[in-house]
Amino acid sequence: MKNNIKRRPKLAVWKFASCDGCQLSLLDCEDELLSVAEEVEIANFPEASRAVARGPYELSLVEGSITTSHDAERIHKVRRASKFLITIGACATAGGIQALRNFKDVNEFTSAVYANPEYIETLNNSTPINNHVRVDFELRGCPINKYHLLEVVNAFLNRRKPNIPSYSVCMECKMRGTTCVMVSKGIPCLGPVTNAGCGAICPSYNRGCYSCFGPSEDPNTRALSEKFKQMGVSSDDLVRMYRSFNTSADVFMKESMIHEQD
Amino acid sequence: MEKPKPKLGDQMVISRSKFGTLFTSLQKAGYSIIGPTVSNEAIVYQELSSCEELPQGWTDRREPGTYRLEKRDDQALFGFNVGPHSPKKYLFPPEHVFWTAQRKESGYEVYEDKSELPRYAFVGLRACEVNAVLLQDKVFTSGEHVDQHYQKLRDASLIVAANCTQADGTCFCVSMGTGPKAEKGFDLALTEVLDGEQHYFVVEVGSKRGAAVLGGVSFRRAKPKELKLAEEACDRAAGQMGRTLETDGLKDILQSNPDSVHWDKVAKRCLSCGNCTMVCPTCFCTTVVDRTDLKGTSCERIRRWDSCFTNEFSYINGGSVRQSTKSRYRQWMMHKLANWIDQFGTMGCVGCGRCITWCPVGIDITQEAAAIREREGDQASIGKVKEDEHAVT
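First to last, the sequence lines map onto chains A and B. The numbering of the first sequence is this note's numbering, which starts it at 1 and goes up by one. The numbering of the second sequence is this note's numbering, which starts it at 263 and goes up by one.
By construction, these hints were calculated from the structure, which means they are not laboratory data. All C-beta atoms, glycine included, are put in the ideal place defined by N, C-alpha and C. Don't take every hint at face value.
As a list, the in silico BS3-like pairs of lysine-lysine whose alpha-carbon atoms are at most 27 Å apart [said to hold, decoys possible]: (1) A:Lys83 - B:Lys557; (2) A:Lys185 - A:Lys161; (3) B:Lys588 - A:Lys254; (4) B:Lys366 - A:Lys161; (5) B:Lys366 - A:Lys254; (6) A:Lys146 - B:Lys557.
Ranges between beta-carbon positions, derived for each pair [stated by the list, open to error]: (7) B:Ser518 - A:Lys77: 39 to 45 Å; (8) A:Asp31 - B:Phe606: 41 to 47 Å; (9) B:Phe606 - A:Arg74: 58 to 64 Å; (10) A:Asp31 - B:Ser518: 37 to 43 Å; (11) A:Arg160 - B:Pro380: 32 to 38 Å; (12) B:Gly292 - A:Leu100: 44 to 50 Å; (13) B:Thr548 - A:Asp105: 30 to 36 Å; (14) B:Thr548 - A:Leu24: 32 to 38 Å; (15) B:Thr548 - A:Pro46: 51 to 57 Å; (16) B:Glu303 - A:Val52: 50 to 56 Å; (17) A:Met231 - B:Gly558: 19 to 25 Å; (18) A:Asp136 - B:Ala291: 54 to 60 Å; (19) A:Arg74 - B:Gln413: 43 to 49 Å.
Over the 12 Å line for every Cβ pair with chain B, so calculated as not near, a few chain A residues [to be verified]: (20) Glu47; (21) Arg79; (22) Val135; (23) Leu157; (24) Lys185; (25) Phe228; (26) Ser234.
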C-alpha cells in the first residue's frame with residue numbers, strides 16, 4: 001500500500017521583512033492551488049496552515065528582506081534546510097521599499113516612530129537574500145506574478161528551466177498592442193529599464209511604469225534619465241522614481257545617487 | 263448606363279459618400295476588415311465594422327521619440343502617416359500556438375490547431391507597409407521551409423492600399439524605393455483626393471481578387487483631372503520626406519566597419535529595450551517556448567516574438583553571444599541594412615520610420631547609418647573612444 005503513494009517534494013514558505021503579499025500569491029492561485037497541493041507537500045506555510053512538517057525541504061520560497069540580526073542568522077538555517085531556494089518578490093530580491101532606510105540613519109526613524117525605541121533591534125540596512133546566502137532563482141515583482149510562481153514551481157517539478165522573462169516591459173507592452181505612453185503622451189515611464197513580468201499593466205491604463213519588477217537585464221538608466229530630464233523631470237523626482245520597491249537594486253541605487261547630487 | 267467591369271490596371275473613382283460600399287462589399291465577400299482607427303490618442307490597426315470608424319479628420323505628427331495625434335482642418339479618412347501597429351500584428355501574431363500535446367501510455371500525442379483562420383482584408387495599408395508584407399512573404403514563404411500558418415493567413419488575405427498624400431518627420435520611403443505610392447503587392451490601391459467640395463478616392467485595380475471586390479462597389483470611371491490630382495497628391499508626399507537614407511554602397515560600408523567607434527556612441531544612448539524591433543513591420547525574430555502543466559501530462563509549444571536586443575536571443579551553451587548593447591545594436595542595424603541583402607536580396611527596411619518614432623530616446627537609424635559612413639576609413643576612430651564621445655547625447 002505505502003509503495004503506491006508518491007512521495008511529494010516538500011515545499012516551504014519563509015517570511016522575512018515583508019508585507020506577505022507575495023506569499024499570498026500562492027493562495028491566490030485558487031484554481032491551480034489544488035494541483036499544486038497534489039504535486040508538492042506544503043510543509044511550512046504559516047499563512048495557510050499552522051501544521052509544520054520538519055525539513056529538509058526540496059523547495060523553499062523566501063519572501064522578505066533581511067533587516068534584523070536574528071533574520072540574518074535565520075536565513076542561513078533556511079538555506080541549510082533547503083535543496084532549492086527561490087526568492088519571491090522585490091523585498092527578497094532587492095531589499096524592498098524598506099531599503100529606503102539604507103540612505104538615512106535608521107535611529108532617527110526609530111526614535112520618531114516608536115514611543116520606546118530602545119526596544120527596537122534593527123539593522124541599519126535592509127538587504128536582499130542573495131547578500132546573505134546562495135539563491136537558486138529570483139522571482140521579481142511587487143508583488144510577484146502568480147503565474148510566474150506557478151511556472152517556477154512547475155519548472156522545478158518537471159526539471160526544466162523556468163520560462164521567466166528578463167527583457168524589458170516595452171516588449172510586453174508592444175506584444176499586447178499598447179501604444180507607448182512616453183512617445184505618444186510624454187509620460188515618463190520606467191518600462192525601458194524594467195524587467196517584464198507584470199504584463200505591462202500601468203501603460204495600458206495610461207500611466208508610466210513604476211518599475212515594480214526592478215531593473216531589466218541591461219538597464220541603461222543613464223540614457224533614460226537624460227531623456228526624462230529633457231521631458232522636464234526634476235532631479236528630485238528622478239531620485240524618487242528610482243527609489244521605490246527595488247531601491248537597493250544596484251543599478252537603481254547608483255542612478256538615484258547621481259541625481260541626489262544634481 | 264451599364265457599370266463598367268473593372269480590369270487589372272484600371273483606375274476608377276469612388277466618391278466619399280459611396281465609400282461605405284467598399285466595406286459592405288468586403289464584408290459580403292466574407293472578409294474581416296482590418297484598418298486604421300483612433301484609439302487612445304493614436305491611430306492603430308483594429309478590426310473595423312464600418313468606414314465611419316476610420317480616423318476621419320485626424321492626423322499624426324512624428325519626430326524621433328515623439329508621436330502626437332492632431333486634428334486636421336478637413337475630413338480626410340487617410341490623412342495621416344503611420345501609427346505604432348503594422349499588419350504583422352495579424353499575419354505574424356505576437357504569440358502563436360504551434361501544437362498541444364498530451365502524455366499517453368506510449369509517449370505523447372500531438373494535436374495541431376485545425377480551426378479555421380480569419381480572412382483579413384487590410385484597408386488603408388501604406389505603400390511602405392505593403393512592401394513590408396512582401397518582405398515578410400520572402401522571409402516566411404520562400405525557400406525550403408515555408409511557414410504554413412503565415413502562408414495560409416496570407417493566401418486568404420486581401421490588401422487595399424492607401425497611397426500617402428503626405429509624409430512627416432520620420433518618413434523616408436523615397437530613399438528605400440517603397441513609397442509613397444504603392445506600385446505592387448496590392449489588390450486595390452486608393453488615393454484620397456480632397457479638392458474643394460470634392461472628396462473622392464481614385465482606386466487602382468491590382469489583382470483579379472481586387473477587381474471582384476470592386477464589383478460590389480459604387481464607382482465610376484476616373485476623369486483625367488481626377489487622375490492628375492491623385493498623382494499630384496502622391497508627389498506632394500514624396501517631397502515631404504522628413505528623412506533620407508543614403509543607401510549607395512551602404513552594405514559594404516557597414517560590413518567593413520564592425521569596429522567603428524560610432525557603435526560605442528550609439529550604445530551609450532540605446533536602452534536595449536527592443537521597441538524598434540517590436541514596431542518594425544519587417545522584423546521577424548521569434549523564440550519557441552514550451553508550457554507544461556504541473557503534472558507534466560499536457561504541453562503546448564508556442565512561438566513568441568523575440569528581439570535581437572535581448573540577452574537570451576543569442577544565448578547558446580555557455581552564454582550569450584551578444585552581451586553588450588553595442589553588439590546588439592550593430593547586429594540589428596547591420597542585419598536590416600546589409601546582411602539582409604545577402605540573405606534575401608534586398609534591405610530589410612521600408613522607410614516607415616517606426617523605429618525612429620517609437621524609440622523612447624529617439625535613436626535615428628538614418629543618422630546612425632550616415633555617421634558610420636562619415637567615419638568610414640577614419641582609422642583613428644577605430645577602437646579609440648575619446649572621453650567626450652561617451653557623453654550621453
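| field | Non-conforming hints, listed in increasing numerical order | value | 2, 5, 7, 10, 12, 13, 15, 17, 19, 23, 24, 25
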